[in-house]
Amino acid sequence: MAFIELDNVSLGFGPDGDRTEVLTDVCLEVEENEFVAVIGFSGSGKSTLIALLAGLLLPDSGEVRIHGKVQTEPGPDRGIMFQNYSLLPWLSVYGNIELAVKQVFPEMKTAERKQYIQRYIDMVNLTGAEWKKPHELSGGMRQRLSLARTLSMQPEVLLLDEPLSALDALTRSQLQDEITRIWEEDRRTVVMITNDVDEAVLMADRIVPLTPGPNATLGQSFEVTLERPRDRTTLNFNPDFKHLRNEVTEYMLDINREAKELRVADAIELPDIQPIDLTTPSGRMAS
Amino acid sequence: MKPFLHHLLASTRLSLLPVLLLIGALSGCGSSDSGLVLDLPDDLSVAAAESGTTEDAASESVTESPEAPATAAPKTLLNLEKDELKFGFIKLTDCAPIVIAREKGFFADEGLQVEVIAQPNWKTLLDNVINGELDGAHMLSGQPIAATIGFGTKAHVITAFTMDLNGNGITVSNSVWEQMQQHDENLKSPTPKHPITADALKPIVQEKLASGEKLQMGMVFPVSTHNYELRYWLAAAGINPGFYTKTDIGGRTDAEVELSVTPPPMMPATLEAGNIQGYCVGEPWNQQAVAKGIGVPVTTNYDIWKNNPEKVFGVTKKWADENPNTHLAVVKALIRAGQWLDETNAAGDLINREEAARILSRPDYVGADYDVIKNSMTGFFFFQKTDKRPMPDFNVFFKYHCTYPWYSDGVWFLTQMRRWGQITEPKPAEWYDETAKQVYRPDIYKQAARMLVSEGLLAESDVPWETDGYKEPTSDFIDGVLYDGHDPIGYLNSHKIGNKD
Amino acid sequence: MKYKLIKAIDVAGLTFLTPVVRLCYGEEPKKQLQEIGRFIVVPLIAFAVFVGLWGAIAPRHKTKSGEVPTPLVVWDAASSIWRFHDREADKEDAYGLSGKTREQKLAIVEKRLSQLEPLETLANQHVKEANAARTTSVEELVGPILTQYEKLDAEFSAAQTEREAALKRDAGLLASADRAAREAYLQRVRDHAAKTEAEREQLKELKAEETAIRAEKFPQLVNALKAQTRIAEERQYLGKLSEQLGHGNRTLKLDEQMAQLRADQVTFLSAEGDAAFMLAQRIVRQEARIQKTSESTYAKPWTLPMQIYRSLACVFAGFLIGSAIAIPIGVLCGLSKTFMAAMTPFIALFKPVSPIVWLPIALIIVGGFIPDPDKHWLIDFLANLPLLGWMKINPAFIASAITVALCSLWATMTNTALGVASIDKDHLNVARVLRLGFKDRLFKIVIPSSLPLIFAGLRISLGVGWMVLIAAELLSSSEGIGKFVWDQFNNGASDSFAKMMVVVFVVGLIGLVLDRIMIVFQRLVSFDDAAAAI
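Chains as they are written, first to last, in my numbering: chain A, -9 to 277; chain B, 37 to 537; chain C, 4 to 537.
I should point out that these hints are in silico values taken from the structure, not numbers from a laboratory.
Backbone N, C-alpha and C define an ideal beta-carbon position, used for all residues, glycine too.
Mixed in with the good hints there might be a few duds.
[Unchecked claim] Dumping the calculated SDA-like pairs for lysine to any residue here, alpha-carbon to alpha-carbon at most 25 Å:
1. C:K7 x C:R25
2. A:K92 x C:R25
3. C:K108 x B:D235
4. C:K198 x B:K421
5. B:K118 x C:A218
6. B:K118 x C:S452
7. C:K10 x A:E174
8. B:K224 x C:R25
9. C:K207 x B:D235
10. B:K118 x C:D383
11. C:K5 x A:K92
12. C:K428 x A:S128
13. B:K118 x C:L282
14. C:K5 x A:G4
15. B:K118 x C:I382
16. B:K421 x C:A218
[Said to hold, decoys possible] Residues from chain B shown here face chain C by an in silico Cβ test under 8 Å; the list is partial:
17. D119
18. K127
19. A144
20. K159
21. T160
22. N381
23. A382
24. A383
25. G384
26. D385
27. N388
28. D405
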């Protein structure tokens, strides 16, 4: 039995007559301590998938199981890192983490808690910014804070919802390395959503593509067998890496083309009509 | 913020100081562990020695102080139930006794600290007295009576002090005055002959009626002297000012001239705004109309009824029962204030009125300009800018035994309430007498006066000790009708316009 | 340091000071000077222009209640208000003075009083002279007008009588069937009436001219009267002061009472029988008197600074009551659509109701709860509070505060509801992931997240409350700024108008400061960089 199981999960929104099926019959199994990257085009329902895993959404049909237990509500055991950070803007760096820590470890003593929080701040390299408010932080720092908050809850599963998509390329690669480093130091089950094939190949153990929505579902998965730790500078010359990257990219482009072809039928045909001349006869004469 | 802090500091200092002083002064006589302990001296010799040769500064100033009052007879010690009082008044010069008693220290002499608070109108004033917000107030004579018999707000209000006589005037707008002049050649003179009756007003009223309008006039309160005086003046000229009935509490049934209530200080503004064409009000609001050139006082209530009772000092019966000694002390101070206000020199001139006018013109009292207040207070009255006449009795605060609470005054107001229908049912003559006796309390007045006499502050002859409470019958009215307080029914029936029993 | 200062200035909303600070640090002097010019010099010039225009226009506009006061007159009125306050505070102090200080003060007062005497005589003399001068000058001007008036009046009435006589005479000559002649006659009567009316108009105009001359201000007299009033007022004040320092002084009264008490005590020790009883009673009574005297304070009238303080207390009381109602209800509305639906009709119904309606209702209700204010526990409790006690909080105060609350709570309520309803979904997701309980979710997520909007609402509420309060005080005659204005209006004295103008500035200034304070709070709770609207 896998650690996380998505068993024929479907989810749609809207009233009966005008219903959009976002996910249809999604099946996924993630082993313990496995790093899975779900890759897909924007609008394909990636965030919905992670919300289902987190328990923030409940499936219309099918089940989400962790440890074989059906999930019905969110909880700190599945730490989710939101795409737009979801930091509480009125709390400082310290306060944001403290809120989570207090809630998850209520029995922790004050001094101990302080130390504990500091450890996570240090871990994500935010030392010195403890008392800054989120709006005083750069995008990368915010995402690091978000990561620290999520990690501080010591979740069994780490759910990363396009954690780096809003960042510039340099910050992004820096954070990729950091997340990977932290994961390698303290292994746990990770499901990461991304739209960047390189990122997926660089970080994950396995890549699962999501077909374009609506009615999105998971396609064939690609194992990433690259040796860890992976060094991005040398990786670019690694033939396995190049091969895998191309394979995934091609696959993604293919399923996208298919989806588009399928959709052509829906295109609206414009009626073939001529505009009527509305000028007065005399005006026509003059011209 | 400085003044507030200053004030706050001052007030805390004030509350601590006397206690400290007392502890100091008393340290010799007995233990003083609870702050203020007044134990007996341990033995005679010690006490005697102490009272003779104390060393602390506080006692020294007793012997040295030249300011300590040296009254001939010892002041009667009244055991005050309450020594911090709040009295209400309306911005009118006849609130003078209360203001003077405060400013000239008559209240302080009785050990009272009195706060004097302006009220926006007579209704609020009465309500505040009844609900206990105020301890007592400058009231219209009709108010205690009406409250006691339950016309308007019902509450047993009493008075042991009449504040003044006369002091009201009837003012009409400039245009009404011009029309009156057209109807009566005699009024065209810059100094027309007085009294001016409402005869010249009658054609104006009728013209208005013919065009479907009614002349509007203002008075200050349904049971005010002004209401009755204005009605008296109009009715004496055959103009019907309207009746109160069970359903018409505005008093406009059959009215040829409609009367409405406006607070005294608002009168000039209301006249200027054109909502009313005339009004009857106390001073300085008639003189104000002259000063501002917005109206002409045509007559004073001295002409309508010579030496008519005007304001009283009213308290609730409940308050008077709970604070009998305080009430006595207040009446004592008020009598002295009245006496001060009417003090004359050998030539018979009022000597304190200018000072009184100055005090009254302070913004927290009447607040009108000194010049305006001074006119009537010093015994003059401007009927027009060019027509200044001496009226020495325009305000009487003490003469003619006026501060005495006369039953006959109460009966007169009751007859007016009946005449105009505020009292809807006919009543027997005894009822008038009984009601007046419920409200007017000469017993308290006499007790206070007796103390003043024994303190040497009042002459024996200043109080009508032997009266039955009824003034001599008088016909000093504008229409010459005789009023005898003992015969209210006969008086009612002697008027042309008005309810008859 | 510089940035800290600039930040503090920014938080306080005093951004016009920023260029000054920057200039002090020598940063881009030219640009800073430009900024100073725009944000400090220009407003100052605008204000100066306003004052100048006011000073120029005011004297031209005359009302029957007096001239529109010029800035100078308003300034005078302000200082007269302040003088009144100062003097009353002095009298209050004098009542409690004792020992050497009292004697010294008394000596000063007496000296000043004696100095004033000749001045007063002089001032009275001046007034008399000015009055006489005025009378002659007015008579000179009025004389010819009056003569003309009399002349015209005589002429006109003679002409009228003549015309009337002619008409009467001709009426007898009218032939019975001559319609044309009758019509002509009617026309003549009409002309006569019109002419009479025209003549009357002419006389009226003359009269008006005379009245105008008489009403004209005579500067010499005005100044003389002003001087006289100033001296008379000071004399009165000093007189009262000397009384408060002299026989009206509390310490002296206490000394006197103590002396009497001691005398009685001494006699009592040797008294017997009935006399002993009488004396004992006297002693007991005297003790009570001393107790009362020692606690007594001078009954000080309300002055504007005190009234401002009380108004502020009232507006904050109302504001607190209003917020205590509005925020919880607003939060509930934001949390639950059902509750919002239940509340909407009430909000819509009560929101537009004017303070003028709420106040009497509040007065009646408060009056019902506090039938006897002198003995009510709440009033008693409030009277003994340290900073509020002296304000004599009464039912009218409470009713005014409730009116303020009822009128001002709506902005806070709707803003709170909006703030709670529009909370970021992600923040709620955080709460869900953390499995925060209702209480934690409310206090750790929902309320902090809606604080900026709540404070924006509070700021509007306080502004509304301040405006409403003045009206409420005016109606309830609860001591405060509103009562001051009403009293001035009622006084109708020559300086009343100016005093009301003083209040305009005072109220405006306080409103401004309150708003600034709320802005600071709003900025402190707002977590993003978006500046609060100015």
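Hints and how they fare:
no., hint, result
1, C:K7 x C:R25, "12 Å, holds"
2, A:K92 x C:R25, "44 Å, violated"
3, C:K108 x B:D235, "62 Å, violated"
4, C:K198 x B:K421, "30 Å, violated"
5, B:K118 x C:A218, "50 Å, violated"
6, B:K118 x C:S452, "55 Å, violated"
7, C:K10 x A:E174, "43 Å, violated"
8, B:K224 x C:R25, "76 Å, violated"
9, C:K207 x B:D235, "23 Å, holds"
10, B:K118 x C:D383, "15 Å, holds"
11, C:K5 x A:K92, "38 Å, violated"
12, C:K428 x A:S128, "22 Å, holds"
13, B:K118 x C:L282, "23 Å, holds"
14, C:K5 x A:G4, "56 Å, violated"
15, B:K118 x C:I382, "17 Å, holds"
16, B:K421 x C:A218, "9 Å, holds"
17, D119, "5 Å, holds"
18, K127, "5 Å, holds"
19, A144, "5 Å, holds"
20, K159, "11 Å, violated"
21, T160, "6 Å, holds"
22, N381, "17 Å, violated"
23, A382, "21 Å, violated"
24, A383, "19 Å, violated"
25, G384, "22 Å, violated"
26, D385, "16 Å, violated"
27, N388, "13 Å, violated"
28, D405, "5 Å, holds"
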